[in-house]
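From first to last, the protein sequence lines are chains A and B.
Counting from 1 along the first sequence, just add 263 to a position and that's the residue number in the working numbering.
Counting from 1 along the second sequence, just add 472 to a position and that's the residue number in the working numbering.
Derived by calculation from the structure, the hints in this document are not laboratory data.
Since this is a predicted model, take the numbers as computed values, not measurements.
Idealized CB from N, CA, C, for every residue including glycine.
Incorrect hints may have been included.
In the BS3-like style, the derived pairs of lysine-lysine whose C-alpha atoms are separated by at most 30 Å in a straight line are [what the hints assert, rightly or not]:
#1 A:K421 / A:K361
#2 A:K304 / B:K486
#3 A:K562 / B:K486
#4 A:K421 / A:K304
#5 A:K558 / A:K304
#6 A:K562 / A:K421
Restraint-style ranges between C-beta atoms, simulated for each label pair [to be verified]:
#7 A:H325 / B:Q478: 54 to 62 Å
#8 B:Y506 / A:G380: 20 to 28 Å
#9 A:V359 / B:A485: 27 to 35 Å
Residues per chain, in single letters:
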Amino acid sequence: MASNPISTEQERAPSGALSTATLTSPALSAADWSDYWALLKPRVMTLVVFTGACGLFAAPGHLNPFLSFVAILCIAVGAGAAAAYNQWWEADIDAVMKRTASRPLPAGRLGHDEALGFATILAVGSVVTLGFATNWVAAAWLAFSIFFYAVVYTIWLKPRTPQNIVIGGAAGAFPPIIGWAAVTGDVTALPLLLFAIVFAWTPPHFWALALFVRMDYARAGIPMLPVTHGVRETRRQILAYSLVLFAVSVAPWALGLLGPVYGVPVTLLGIAFVALSARVAASRTEAAGEMTAEKTLFKFSLLYLAGVFAALVADRWMA
Amino acid sequence: MSWTPQEEAAFVAKRRRRNLVIGLVLGAFALLFYGITISRIAG
Chain A
264 MASNPISTEQ
274 ERAPSGALST
284 ATLTSPALSA
294 ADWSDYWALL
304 KPRVMTLVVF
314 TGACGLFAAP
324 GHLNPFLSFV
334 AILCIAVGAG
344 AAAAYNQWWE
354 ADIDAVMKRT
364 ASRPLPAGRL
374 GHDEALGFAT
384 ILAVGSVVTL
394 GFATNWVAAA
404 WLAFSIFFYA
414 VVYTIWLKPR
424 TPQNIVIGGA
434 AGAFPPIIGW
444 AAVTGDVTAL
454 PLLLFAIVFA
464 WTPPHFWALA
474 LFVRMDYARA
484 GIPMLPVTHG
494 VRETRRQILA
504 YSLVLFAVSV
514 APWALGLLGP
524 VYGVPVTLLG
534 IAFVALSARV
544 AASRTEAAGE
554 MTAEKTLFKF
564 SLLYLAGVFA
574 ALVADRWMA
Chain B
473 MSWTPQEEAA
483 FVAKRRRRNL
493 VIGLVLGAFA
503 LLFYGITISR
513 IAG
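With these hints in hand, go ahead and build the complete structure from the sequences.
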C-alpha cells in the first residue's frame with residue numbers, strides 16, 4: 264500500500280511544514296476544484312447545451328425526461344472534455360495571450376497530466392453514459408465530435424491554416440445532431456441543416472472577435488485570418504459567410520421542413536446579420552479599440568444563434 | 473525551503489474542497505446511473 268505522500272519524513276520540512284519538493288509530486292495537486300471547472304470552458308458549454316437541447320426538443324418522437332436530461336448533460340460534459348483537451352494541448356500558446364494567460368494550465372495551478380487525465384475521464388464517461396442512456400448512434404456522434412475538436416481542429420488545423428475556424432466550426436456544430444440522434448437514433452435532413460447553420464455561423468462569429476484581438480493571435484503565432492490575410496480580407500470573408508449563413512438558416516423553411524414560426528423571425532434575424540456584416544465590411548479602421556462594428560456583430564451573432572434555435576423549437580412545438 | 477503556515481493552510485483547504493467536490497460528483501454519478509436504469513426499465 265502506498266504511503267500518504269505528505270506524511271513521510273522526507274517530504275516534510277523540519278518545521279513540519281510541507282516542502283516545496285512535494286508540490287511537484289503528481290500525487291499532490293495544488294489545484295482547486297474551480298480550476299477543473301475552468302478547464303471545461305463553461306461559457307462555451309452554455310452554447311453547446313443550448314443547441315444540443317434544441318436538437319433534442321425539435322426531434323420527432325419522445326424521450327423520457329430524465330434520459331433527456333442525461334443526454335444534455337452528456338453533450339455538455341463531452342464539450343467540456345474537448346475544451347480540456349484543447350487547453351492541455353495549447354497551454355504554451357495560452358501563456359503568451361493576454362486573454363488566456365490566467366487559465367489553470369498556463370498559470371501553473373494545474374499539471375499537464377492532471378488535465379489530460381481529467382479530459383479523458385470526462386470524454387469516455389460522457390460517451391459511455393450517453394450510449395447507455397439513449398443509443399449508440401448518439402454516443403458515436405458525441406465521440407466523433409470530441410475527436411474532431413481535440414485532434415482535427417486543435418492539434419491539426421488550428422496551428423496550420425487560416426481556415427482553421429471554418430473547419431473547426433464543424434466541431435461546435437455537432438450538438439444539434441447529437442441531441443436529435445438521442446431521440447430518434449438516426450440523422451435526417453433537418454439536423455444536418457442545423458449542423459450547417461452552426462457551421463456557417465462560426466466563421467463570422469469568431470472572425471469578428473479575431474479582428475479586435477488579432478495582436479494576441481499574432482503574438483501567439485496562431486494563423487488566424489486577420490493575421491495571415493489582413494483586416495480587409497477578413498471583413499470581406501465575414502460578409503461572404505454571413506450570406507451563406509442567411510441561405511442555410513432559411514433553408515429549413517424554404518424546403519418545407521419547418522413553418523413560418525421558424526421562417527419569419529429567422530429571416531428578420533438573417534437580414535440584421537447581413538446588415539451588420541456589411542457594416543463590418545465597409546469599416547476601414549485598423550485600431551482594435553475603435554472596432555465598434557466588429558464588437559456589435561460579435562455580440563449580435565450570439566443573439567442570432569439563440570434566436571434561430573429558439574425559433575426552431577417554437578415551430579416544432581406549435582406544429 | 474518550506475511552505476509558510478499560510479501556504480500550507482491554503483493547500484489543505486484547497487485539497488479539502490477538491491475532495492468534497494469529487495465525492496459529490498461520484499455520488500451524483502451513482503445516482504445518475506440508478507436513474508438511467510430505472511428509466512430504461514420503465515420505458
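Hints broken by the structure, by number, lowest first?
-> 3
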